[in-house]
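Peer 1: Chains as they are written, first to last, in the working numbering: chain A, 2 to 363; chain B, 865 to 1359.
Which residues of chain B face chain A? A few of them, derived with a C-beta cut under 8 Å, are: (1) VAL963; (2) LYS972; (3) PRO1123; (4) THR1124; (5) MET1144; (6) GLY1153; (7) GLY1162; (8) ARG1268; (9) THR1272.
By construction, these hints were calculated from the structure, which means they are not laboratory data.
Don't be surprised by glycine CBs; every beta carbon is placed ideally from N, CA and C.
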Amino acid sequence: MSPALRRHAPLVLVALLVLYPLLPFLDWAVTAIFGVRLQLDRQIINVMIFAILALALNLQVGYAGLLQLGIAAFFAIGAYTTGILTVDKYPFQLGFAGALLCAPVVAGLFGLLLGAPTIRLRGDYLAIVTLGFGEMTRVVILNLENITDGPRGLNPIPEPVLPDWLRDGLDRFLPADRIDLAAIHWIVLAALVGLLILMKNLERSRAGRALVALREDELVSGCMGIDPARTKLTAFAGGAAIAGLAGALYATNLRTTAEPNTYDFSYSIMVLCCLIIGGLGSLRGVVLGALVLLSFDNLVSPLLTRALQEQLGHDSTSVFANFANWRWLIFGGALILMMRFRPGGLWPARKREVDPATKADA
Amino acid sequence: MTPPLLEIDNLTLRFRGLTAVNAVSLSVLPGEIFAVIGPNGAGKTSLFNTITGIYEPTEGSIRFEGKDLRRALTRRHAVGFGLTGLLVGLLIAVFVADVDKLWSAVVKQTYRDPSAGWQPSRAWAALGDYLAARPRVEQRIGRYYLTLHDGKTPFGSSKTLAEAESRLADLPRLAQLAGLEGALAPRSSGGFAIIDPVSGRRLDESPYRDVLEARLAAAQGEPAAAARTRWRRGLALLAGVILGTAGAAAVFRQTRRTPTSVAHAGLARTFQNIRLFREMTALENLLVGMDRKLGQRGRAARRAGARPALLLAGALASLVLLARAGAAGPAVIGTLALVVLLGTVVWLARIATLGAASTAALVLEAQAATEARDLLATVGLAGREQMLAKNLPYGDQRRLEIARALATEPRLLLLDEPAAGMNPSETVGLMQLIRDIRTRGVTVLLIEHHMRVVMGTSDRIAVLEYGTKIAEGTPEEIRANPRVIEAYLGKEELG
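Excised from the complex, chain A in its bound form (with noise of 0.2 Å):
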């Protein structure tokens, strides 16, 4: 980091605290001013619940170290949970709040259900039982259809409420639908920032340092008191019941389940890249991760397409000429590079080491 960049840092990052809350309405007012959608407000509503989504794989991957490859899993069951509790053909209709509460604890028992009877299992073969969890998790919903309406997906999901004064207060500046946005890109942002404190208390607190001793040496650890199965079990159901979260939120966000089939393997594995790209074990690497991921997907993806099409004219109909066809090439390309240049990930976490030399210059 340059002196420069240093210095101002606190400052940029005062500005940041300000701005992001509002981007909302910095995105209106570009709108009202430019005449052009970007959009950078729903964008960033899913790049944050992506890395909700990135933080509890990264709780299970990068620090207890468990393979988990199902966890589009329980991101559905949390966004199936949502819309159960949620829709008007239920006689739950708890409302956002509830579902809020609910879906994570939903995902978590199903995270207990999965983990208690596998996690003694050696890695790989728990990457297998999740995978197939994964797998089987969506054809289930999927067929499943008097609950959850099968490929339909369960909707509306109604969007989270604002306290009246509140609303009201809005409301003598801003269209609603303007309101409903900012209201879910706040609700999102608190999550997120919450878990990210959450997460960085962890890394320092006595849970933390237990993951830590049993990744680097199960069986010491067990010797020194810690019971490797209970712990690792811990961490399991609690990245399974923040995926639940995350599910919860992007059902809320879409106003809809979805169809079963977004919750696929190639969303596991989207996530497990994210964790890859950003840095295994850091938590600004997995918020990084998933700002690069999306924004790939959602900005690089169309803006290039355009250009594509733009160029080959009449031949834009071929399937070269769509970019996000070349979405899975391109993470491969970028996970063999990383593999090879920065293994860490791009902001890998911090290294601790304390050299005795600068010690003693100190």
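Using the hints, position chain B against chain A.
Peer 2: The following block gives chain B in isolation, referenced to the frame of chain A:
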């Protein structure tokens, strides 16, 4: 005579054909330094691994402080197995009963009319009906169907709920009539009808005879078919309960003696080839050793923090209740106010608790760090707290491993070749450290090749050869024992 701290009785460890430890009996008295020596491959480390729960002994018992080191099967465990079994059984039973149809019957059919609201009691009743495979009335697209247990609807649909329900009520009578001659008769107006010969009531009618025959057959077959379904579901529940209980019990049986449970019992160990958490600092290595103690402290602190908050919430709630009982006003507003107020109080209490808990956590963490520093200082690692374990010099790594084991606050410390690879001056320091550990009230069980360490520190020594104990006694006795000399130096061939 004081009872032994560790009592190993007739311990045998076999790996298929290989007997690593052969009927070894040892007893370590509290407060002594006991050494196990023997040539390479004599089974010393295997003995340690068995004691600390890494290997399960083939035969024999290990008792620590008079208790078997295996976790006892308590009533709590038994209840846990039962609950696990019940959970698995219910899951399997629900899936055998078709969770999709069950949902439809229990939730969708009891919420046919959103304006009428939803009564959980009706849903419960529907759940009971469905699981017991009773025929029921279902509404689909505005019409009412008498649905048999398997979801079939041979009776067609009705326009009104009452009509469908009367059909449901007639089902047993219809089953009785099925075998009866003349129950099915032609109508004067054409078509056929089923008429109850006792009451003369017309139970069903249709232009087609075979439709009515099919309905009679369905009504007749229903009780037996439903009973079979009930059996199947019951069997699934039973199978699940057995599977779940057995599974939980099997996991328990396999984990009765784990390194963790042994560590919790008060034994700690070091390893022959140093196994530190290499990427952690010296201080963190110790904090991992203190994990259990910190967990207990944290729980106690949280409990202590939660109590005043709960008391406060309880007191406020009762105050509000009292005030409300005196006030006369619209009941709805009163209740709402109560709910809001209670919610706020609980919320505030929660925040207070969380705040207290996190403050406590910070205090506890600081306290733990101080304790860890002190412990590091006692093994001679003061000033190296923040160094990564892998960067420490070899002798310091050995010391750090001992300190980490001590951090678990053991009553028995097992040291596996602590002097291996140490230079003479480090060895002297180590001997002093071992004596200091004994002074702290920790009994030491030691494996060592370094005779100076063994003879200079131990109170008693046991000698293993090929897994068998060949001698036991004080250092002087061992030094003079001809079998020991033979094991180490070989037998003198004469003649």
